[in-house]
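S.K.: Listed here are the chains, written in short residue letters.
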Amino acid sequence: AQTVTQSQPEMSVQEAETVTLSCTYDTSENNYYLFWYKQPPSRQMILVIRQEAYKQQNATENRFSVNFQKAAKSFSLKISDSQLGDTAMYFCAFMKWQGGSEKLVFGKGTKLTVNP
Amino acid sequence: KAGVTQTPRYLIKTRGQQVTLSCSPISGHRSVSWYQQTPGQGLQFLFEYFSETQRNKGNFPGRFSGRQFSNSRSEMNVSTLELGDSALYLCASSSDRGPNTEAFFGQGTRLTVV
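Going down the list, the sequences are from chains C and L.
What the first sequence shows, in our numbering, is residues 1 to 116, in sequence order.
What the second sequence shows, in our numbering, is residues 1 to 114, in sequence order.
Just chain C, same shape as in the assembly (with noise of 0.2 angstroms):
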C-alpha cells in the first residue's frame, strides 16, 4: 500500500517570501503521478500542481514548483512570492494509474498561513 508523509502540520511565511512545503511517499510502484492540492477555509479542493513520475522534469506552474526527487522519493511544493490568498492546507496525494486505479492517496496536509 502507498503512504504519503508530510511531517510539517503547520507552517507561516512572510508575504511575499519563498516557502517549500515537504513530502514523502512510499511506493514499489514504477509509474505513478503525484499532486500538490490546496484547501482554503472553503474547504474546496483545488489542484495546484502535477506531476508525472516518469517525467525527470520539475513541474511548474506560475508561482508554484515541484522538486522532484523520485529515487528519494520525495516531492516538495515551493511557493515563491507568497500572498495572503495562498493562506490554506496545503496536501500532498499519490495516484498509481495501471489502467485501473482512479484512487487518490494523501498526506496529513501542512496548514499554511501567509502574514502580511
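Hint data in this document are derived by calculation from the structure and do not stem from the laboratory.
For glycine and all other residues, C-beta sits at the position ideal for the given N, C-alpha and C.
Below, simulated DSS-like cross-link-like pairs (lysine-lysine); rule was C-alpha separation at most 30 angstroms, straight line:
| id | chain 1 | residue 1 | chain 2 | residue 2 |
| --- | --- | --- | --- | --- |
| 1 | C | 108 | C | 78 |
| 2 | L | 13 | C | 108 |
| 3 | L | 57 | C | 111 |
| 4 | C | 55 | C | 96 |
| 5 | C | 111 | C | 78 |
| 6 | C | 73 | C | 108 |
| 7 | C | 73 | L | 57 |
| 8 | C | 55 | C | 70 |
| 9 | C | 96 | C | 111 |
| 10 | L | 57 | C | 96 |
| 11 | L | 57 | C | 70 |
| 12 | L | 57 | C | 55 |
| 13 | C | 108 | L | 57 |
| 14 | C | 78 | C | 55 |
| 15 | C | 108 | C | 70 |
| 16 | C | 108 | C | 96 |
Which bits of chain C does chain L cover? Going by a derived footprint, with three or more residues having C-beta under 8 angstroms, they are:
| id | segment |
| --- | --- |
| 17 | 45–58 |
| 18 | 104–114 |
With the hints as your guide, set chain L onto chain C.
M.R.: Showing chain L alone in chain C's frame:
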C-alpha cells in the same frame, strides 16, 4: 460552467440513523469519486464511479455505499450511523478516468453524528 455541487452542505444526524449525500458533477464529467475527511484520519478514499459502475472502493465497512445515475449524478449512503462517521465528505468529478484528467472537488457535506 457550474462546478461540482454537493448537497446538503451541512447535516446533523443521530446515531443509528441513515443518511444520503448527493453530488452533481460538472456537466459532461463521467467520473465521480468520494472522500471522507476527518481530523484524525485525514482524507480517505471511499469509492469511484464511472458510467454508473463502481470502479474502485476504499477500505470502509459495508455501511457505506453509493451509486451513480445515468446523468452522472452520484449519491452515497451511510446506514446505521456511528459517532465516528462525523466528517467532511468530499466529492470530485473528472471528465474521464486517469490522472491526466483533472479532478474538480465540491465544497463538501459536513456530517455531524450526535
